[in-house]
Amino acid sequence: MQRPRPRGGVPINVRKFYIGVDIGGTFTDLVLAEDGNDRLHNVKTLTTPANPVDGVMTAVREALADVGGSPAEIRRIVHATTLPTNLVLERQGARVAYITTRGFGDIFQLSKQRPVGPDRFNIFYQRSQPLVPRDLVVEVTGRMDFHGNVLTPLDTDAAEAALRALEAKKPEAIAVCLLHSYANPEHEQQVAELVRRHFPGIYIALSSEVWPEYQEYERASTTVLSAYIGPTLATYVHALEQALADLGVACPLQIMQSSGGVMSASAAARKAAYVIESGPAAGVIASAYLGGICDFPNLISFDMGGTTAKAGVVQHGQPRITHDFRVGGKTSSGSRDAGEPIKVPVVDLAEVGAGGGSIARVDAGGFLQVGPRSAGAMPGPACYGFGGTQPTVTDANIVLGYLDPGYFLGGKMEIHPELSHRAIAAELGEKLGLDTVTIAKGIYDLANTHMASAIRVVTLQRGIDPREYAITAFGGAGPLHVVKVAEQFNIPTVIVPLSPGVKSAFGLLVSDLAYDYVATTIMPASAADCAVLDAAFARLEEHGRRDLAVEGQFGVGAEMQRSIDLRFANQALDIAIRVEAGPITPETIRQAEVRFRDLYFELCGMRPTDPCQIVNCRLRAVGVVIKPQIPTVPAGDGDASRALKTSRKAYFSETGGFTDARVYDRVALRPGDEISGPAIFEEPDSTTICPPGYSAAVDPHLNLIITRK
Amino acid sequence: MLDPVLCEIVKNALLMVAQEAGIRAARSAGSTFVSQSAEVACALFDATGRVIAQTEFGQMHISALRSMLQAVMEDHPPETLRDGDVLVTNDPFRGGIHPTDVGAFRPIFHDGKAAFYCGVMMIVSDLGGLSAGGLPANATECFHEGLMIPPSKLYDAGELDVGLARIIRANSRTPGKLAADIDALAAGGNVAAVRMGELIAKYGFTHFMAIIEELLDYSERLVRLGIEQIPDGVYRGSYTVENDGVDLDKSYEVVVTVTIDGSDFRADFTGTAAQARGPINSSYSQSLSCVLFVLRCFLDPDIPMNEGLYRPIHEYFPPGSLVNVSYPAACNLRLAAGQAIIDALFRAFAQIYPDKTMAGSATVHTVNAHGLQIGGERMYSMLDIIMGACGGRPGVDGVDGIPFIFFASGGYDRNVEAYEWQNPVRYHRYQLLPDSAGPGQFRGGSGMVKEIEFLTDAQLTVRATDRTRVKPQGVAGGRGGRGGDWILNAGQPDATEMPAKATNYRVKAGDILTYTVPGGGGFGDPFTRDPERVVQDVMSGLVSAGEALNAYGVAIDPATGAVDAAATAARRSANKRA
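The listed protein sequences correspond, in order, to chains A and B.
When you line the first sequence up against the numbering used here, it's residues 1 to 709, in that order.
When you line the second sequence up against the numbering used here, it's residues 1001 to 1578, in that order.
One or more of the hints may lead you astray.
Claimed, not checked - Only some residues are given here: those of chain A computed to face chain B with a beta carbon under 7 Å:
{"#": "1", "residue": "G103"}
{"#": "2", "residue": "F124"}
{"#": "3", "residue": "S128"}
{"#": "4", "residue": "R134"}
{"#": "5", "residue": "E216"}
{"#": "6", "residue": "Q461"}
{"#": "7", "residue": "P611"}
{"#": "8", "residue": "G657"}
Stated by the list, open to error - Okay, derived cross-link-like pairs now, SDA-like style, lysine to any residue, Cα gap no bigger than 25 Å in a straight line:
{"#": "9", "chain 1": "A", "residue 1": "K484", "chain 2": "A", "residue 2": "T436"}
{"#": "10", "chain 1": "A", "residue 1": "K431", "chain 2": "B", "residue 2": "N1012"}
{"#": "11", "chain 1": "A", "residue 1": "K170", "chain 2": "B", "residue 2": "H1207"}
{"#": "12", "chain 1": "A", "residue 1": "K441", "chain 2": "A", "residue 2": "P692"}
{"#": "13", "chain 1": "A", "residue 1": "K441", "chain 2": "B", "residue 2": "V1535"}
{"#": "14", "chain 1": "A", "residue 1": "K645", "chain 2": "A", "residue 2": "P634"}
{"#": "15", "chain 1": "A", "residue 1": "K169", "chain 2": "B", "residue 2": "T1560"}
{"#": "16", "chain 1": "A", "residue 1": "K169", "chain 2": "B", "residue 2": "D1530"}
{"#": "17", "chain 1": "B", "residue 1": "K1356", "chain 2": "A", "residue 2": "G117"}
{"#": "18", "chain 1": "A", "residue 1": "K170", "chain 2": "B", "residue 2": "S1544"}
{"#": "19", "chain 1": "A", "residue 1": "K169", "chain 2": "B", "residue 2": "S1544"}
{"#": "20", "chain 1": "A", "residue 1": "K169", "chain 2": "B", "residue 2": "M1539"}
{"#": "21", "chain 1": "B", "residue 1": "K1356", "chain 2": "A", "residue 2": "I123"}
{"#": "22", "chain 1": "A", "residue 1": "K645", "chain 2": "A", "residue 2": "K627"}
{"#": "23", "chain 1": "A", "residue 1": "K431", "chain 2": "B", "residue 2": "I1227"}
{"#": "24", "chain 1": "A", "residue 1": "K627", "chain 2": "A", "residue 2": "G557"}
{"#": "25", "chain 1": "A", "residue 1": "K169", "chain 2": "B", "residue 2": "Q1536"}
{"#": "26", "chain 1": "B", "residue 1": "K1508", "chain 2": "B", "residue 2": "D1300"}
{"#": "27", "chain 1": "A", "residue 1": "K169", "chain 2": "B", "residue 2": "V1535"}
{"#": "28", "chain 1": "B", "residue 1": "K1250", "chain 2": "B", "residue 2": "Y1380"}
{"#": "29", "chain 1": "A", "residue 1": "K441", "chain 2": "B", "residue 2": "H1207"}
{"#": "30", "chain 1": "A", "residue 1": "K484", "chain 2": "A", "residue 2": "K627"}
{"#": "31", "chain 1": "A", "residue 1": "K169", "chain 2": "A", "residue 2": "Q189"}
{"#": "32", "chain 1": "A", "residue 1": "K484", "chain 2": "B", "residue 2": "K1202"}
{"#": "33", "chain 1": "A", "residue 1": "K441", "chain 2": "B", "residue 2": "L1006"}
{"#": "34", "chain 1": "A", "residue 1": "K649", "chain 2": "A", "residue 2": "R422"}
Unchecked claim - Each pair of labels, with its calculated beta carbon distance range:
{"#": "35", "chain 1": "A", "residue 1": "L247", "chain 2": "B", "residue 2": "P1301", "range": "51 to 59 Å"}
{"#": "36", "chain 1": "B", "residue 1": "I1374", "chain 2": "A", "residue 2": "K627", "range": "35 to 43 Å"}
{"#": "37", "chain 1": "A", "residue 1": "F601", "chain 2": "B", "residue 2": "G1376", "range": "55 to 63 Å"}
{"#": "38", "chain 1": "A", "residue 1": "E559", "chain 2": "B", "residue 2": "G1541", "range": "21 to 29 Å"}
{"#": "39", "chain 1": "A", "residue 1": "T609", "chain 2": "B", "residue 2": "P1354", "range": "53 to 61 Å"}
{"#": "40", "chain 1": "B", "residue 1": "I1374", "chain 2": "A", "residue 2": "F601", "range": "50 to 58 Å"}
Rather than coming from a laboratory, the hints here were simulated on the basis of the structure.
Heads up, the beta-carbon is just placed ideally off N, CA and C, and yes, glycines get one too.
Could you build all of it, start to finish, from the sequences and the hints given here?
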């Protein structure tokens, strides 16, 4: 069903749309921006797991219909999806065969997974099933040393015989990781040739192409993951590209990566491991963009939804990246975790099981607990009236007067506040011997400390002082809690964007193309071989230019960001240090070493005098893209009373009880408005609480900037 | 009871402080072994030395910090302490484990007094002794195992005691790494001091202390609740440790009597063998950590670790025995006794819960090599750790290649590429070993095999901790796992079997060491194992067709995976008659 296209075709009338689509577990979120229009347009459709393309296309058609646009006017379309994560969690990926060096075929049977949390005391502990079954492992003879010198040539006859035997097992994808292939990919390439001959057209992932960094376990698991999700992802992105082309969309599809950069759909199909966490990355990119327009290059991204809350960090305008993510683990929090490690860059996020639907209970020892169990969407919080009897964080927000039962989802959903009171009194009141309001306040406070612990992980535990950062709140529930979370760290500035509930998909529209590469070049820093480093960077940049060229017509500029990983010769902790373009000189290394020693001191509080070692060269090739031009909004008359809806009693610890808070219609606020707390700002997808002692100002982008008075 | 919300908040906050200190200490550690594990054991204590919070990292170390602090406080009474002090110790006879496990304690001041302590501990780089890395397999005295450090102020009001630091460094073969380790321990305590200060400021000291009191009561309540669910009674268990690396024909029995009395738990090790000459002895705190670990497998796993958790637990470790070593015996191989403590306790608990138990597990093995780098004058010293597999459980096989859960470790934690970059060695195998799992209705985990070639002349110190000759035992009709071997130049004319516990054993450039670590024991009669599961093992290559027939009574065509039903039935019923 297509709308009539605008006629005439006079360039001045051509509209320019930018679309971001994020497939989540339940909903597919679409955000559409238009050049010259200050309002974003959002569409929410149900995710269609059987064929996710359908849900995306429904959303695209609906969005175009809503704004009266045509597919040809879409200038950019960027996509994020949980599909790869789900393939892994549900073990629904391809049947992968793994080819490796003789003697090392059991790497995934031996595994880096370990019992964590309550599993430490679980006699029946079992680790999750490896992505490659043992009978699909092929070992080949051939060995290199760490310089890439061939010690034993590849025995191609034996390898062929093994591949012939493998044919009967019908693998759907093949991953190849040979020892020290980061130093010399020759044997892997020879194996790939043989594989192509025996398995024409099969999906192949070579570790020397996917992520050629030393440390075989991580390189192998990154490669296997690529092969595991690659075939399905390739089929999916091609189907989506086709459906978009059939609709008349002219621009190529781009896919969000875990790093916060986007890549072409065809690159994503080849480099599947890079997109494993594409959805969460978008939220942090949205924060970075917000920080950019509000002039806060350093900020904490805080996103709270129904079941979890996530925290990430933006430093100097860039999201902080980790190379220690574990797929199927819970967080990249840096402590030991379950799940398989991947080395490709992933936005550093910590996640805790505290969201609006998190259930409050009294444990056997008599303490109040919140989460990680969630009431989900069904039955949901008690106040939904869907039969839920267990009190949740949302119920506490109702009792405290923070949420208006008459304006839930903009008034679209009926809410029963009496059920919130009843659930808290019945489930918790007697056990705790406290009144309902005190308990609700306790649930609210406890949820806030859980969320603070996620922030603690990505800031204090990473050597970052949160007091030097601003914080942004996303997600439907984030703005209800963010000021009290910020208060725990004395974070001075809170930024709440308009439509925070759907804002994270906006990150898709403002992200640049980015391709990451690595080369392992271990050498002492004091006697660095600059020619080797120059050659490594030249090779990486050639890859970068080649990959960016695929998107040529969209980039408005390319940037080659180089860094070198340094560490102390006696330690395992390496830190990436940015270096400038141009020939590497001993001075380049010397400066990098000084910077490394300073960063190390920030992180560890010590200044060892040990010599430094160069570990890796890294390159990020960035293709800067045209972003939607969103105008600022002219200032209003400064009289916020135009937006005043009513006032209601809400509980504030600052006043020690229920206090009248003025309630504003967020949509009617204008730049220049300034409001003192206690105040409540309502919009259809979210509610923001500004407690007593704080004030909120509206900026030219309609963000609320909340600071202490 | 105090505000149950605030209590929960403070409980979480204290744990976060301990975690941050532990992460901080691990991050800058010099020992690769530690820095790859991302965290070290850390505990917070009140002014009287009671644990108020502790990370769950390092179950092997869990009680040591608490015991070591008692010795620290005896030698350095609170009135002698100053803000910024850091005290270190490693004395296994006064709370420690063995000399290479060093604890550092930082008093945290409030109102001019030491109000709290933060303790952090880790295995440090070489601290001297008979062999590099401080794990001499044939040590007979603590003096062989490294420099003994009685509780000593390394930092006095923030000032490093240069003399002490120089003595410590001078006793190490790798002074740079060791210094980094000890600095890291101090850094962990310093970050805890800052965070505790913030909490005191936030809640007010008196209120904070009242909440902490409640937290201890809370853990005690939960532990008592759990013990009350266990039927009252007296239950016995034992497990035998093979030789101590010195007297090769002797073995040592660990005997435990468990008494459940209402909400109290008692573990009495009377009857356990006297301490060995070799280093397989366990210190008091090491033994207590093992007891706590097993008990917690039968309690709510989320009970916070603090003093309250200890209150219902009563232990007796006879002095001078294998489980409570006396001065000056050696104890670096203490996990031989430790693992036996765990298995003896599991056998006692199996009388209460026959469906919640585990067959004998293999344990941790180490290889330490040192020598010259290729063509150079530089020395290297490397530590490789290999974990054995855990035993079968009712309903569940032991996990292949994953060690017993006590170690909370993975099976492939150490990358061969990293070892080859740093040391003149080349690995040839790092694999599961077929037919190494103890057969059972639920078999043990498969053991593994590693093969290292030494590219320069080297000295090896190997510690097959236990269960190479006396295999990990099967349970309820299950059979033992395959033991272990250490063979030089296997398959060559000069093939030599090495002793399983050897110190500074000389090898030449080009020698290849092949070593296998045991598989876990099986649970239940292997002839009752579901033939389909046997087929899966045969097809995946972990069990041979021969083993399938002999150990499990299942006749399988290894090419197709087809089961010969008639032959299987005949074999299995013949077994029954026999």
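Each hint tested on the structure:
1. G103: holds, 4 Å
2. F124: At about 5 Å, which falls below the 7 Å cut-off, the nearest Cβ of chain B leaves the hint on A/F124 intact, so it holds.
3. S128: Since chain B brings no Cβ nearer than about 11 Å to A/S128, farther than 7 Å, the hint is violated.
4. R134: Given a least distance of 4 Å, the restraint on A/R134 holds.
5. E216: Holds - the Cβ of A/E216 comes within 7 Å of chain B, reaching about 5 Å at its closest.
6. Q461: holds, 6 Å
7. P611: Where the cut-off is 7 Å and the nearest Cβ of chain B is about 9 Å from A/P611, the hint is violated.
8. G657: Violated, about 16 Å.
9. A/K484 / A/T436: Within the cut-off at roughly 20 Å; holds.
10. A/K431 / B/N1012: Holds: A/K431 and B/N1012 sit about 21 Å apart, inside 25 Å.
11. A/K170 / B/H1207: violated, 67 Å
12. A/K441 / A/P692: At roughly 16 Å apart (the allowed maximum being 25 Å), A/P692 and A/K441 satisfy the hint.
13. A/K441 / B/V1535: violated, 58 Å
14. A/K645 / A/P634: Satisfied, since the Cα-Cα distance of roughly 22 Å is no more than 25 Å.
15. A/K169 / B/T1560: At roughly 12 Å apart (the allowed maximum being 25 Å), B/T1560 and A/K169 satisfy the hint.
16. A/K169 / B/D1530: Cα-Cα ~24 Å, so holds.
17. B/K1356 / A/G117: Holds: B/K1356 and A/G117 sit about 19 Å apart, inside 25 Å.
18. A/K170 / B/S1544: holds, 23 Å
19. A/K169 / B/S1544: holds, 20 Å
20. A/K169 / B/M1539: The hint holds at about 12 Å.
21. B/K1356 / A/I123: Within the cut-off at roughly 7 Å; holds.
22. A/K645 / A/K627: violated, 35 Å
23. A/K431 / B/I1227: holds, 22 Å
24. A/K627 / A/G557: holds, 13 Å
25. A/K169 / B/Q1536: holds, 15 Å
26. B/K1508 / B/D1300: violated, 52 Å
27. A/K169 / B/V1535: holds, 16 Å
28. B/K1250 / B/Y1380: violated, 35 Å
29. A/K441 / B/H1207: Answer holds: A/K441 to B/H1207 is near 19 Å, not above 25 Å.
30. A/K484 / A/K627: At roughly 34 Å apart (the allowed maximum being 25 Å), A/K627 and A/K484 break the hint.
31. A/K169 / A/Q189: Holds: A/K169 and A/Q189 sit about 23 Å apart, inside 25 Å.
32. A/K484 / B/K1202: holds, 15 Å
33. A/K441 / B/L1006: Holds, because 11 Å separates the two Cα atoms, which is no more than 25 Å.
34. A/K649 / A/R422: holds, 19 Å
35. A/L247 / B/P1301: 51 to 59 Å: holds, 53 Å
36. B/I1374 / A/K627: 35 to 43 Å: violated, 54 Å
37. A/F601 / B/G1376: 55 to 63 Å: violated, 31 Å
38. A/E559 / B/G1541: 21 to 29 Å: violated, 50 Å
39. A/T609 / B/P1354: 53 to 61 Å: holds, 59 Å
40. B/I1374 / A/F601: 50 to 58 Å: violated, 34 Å
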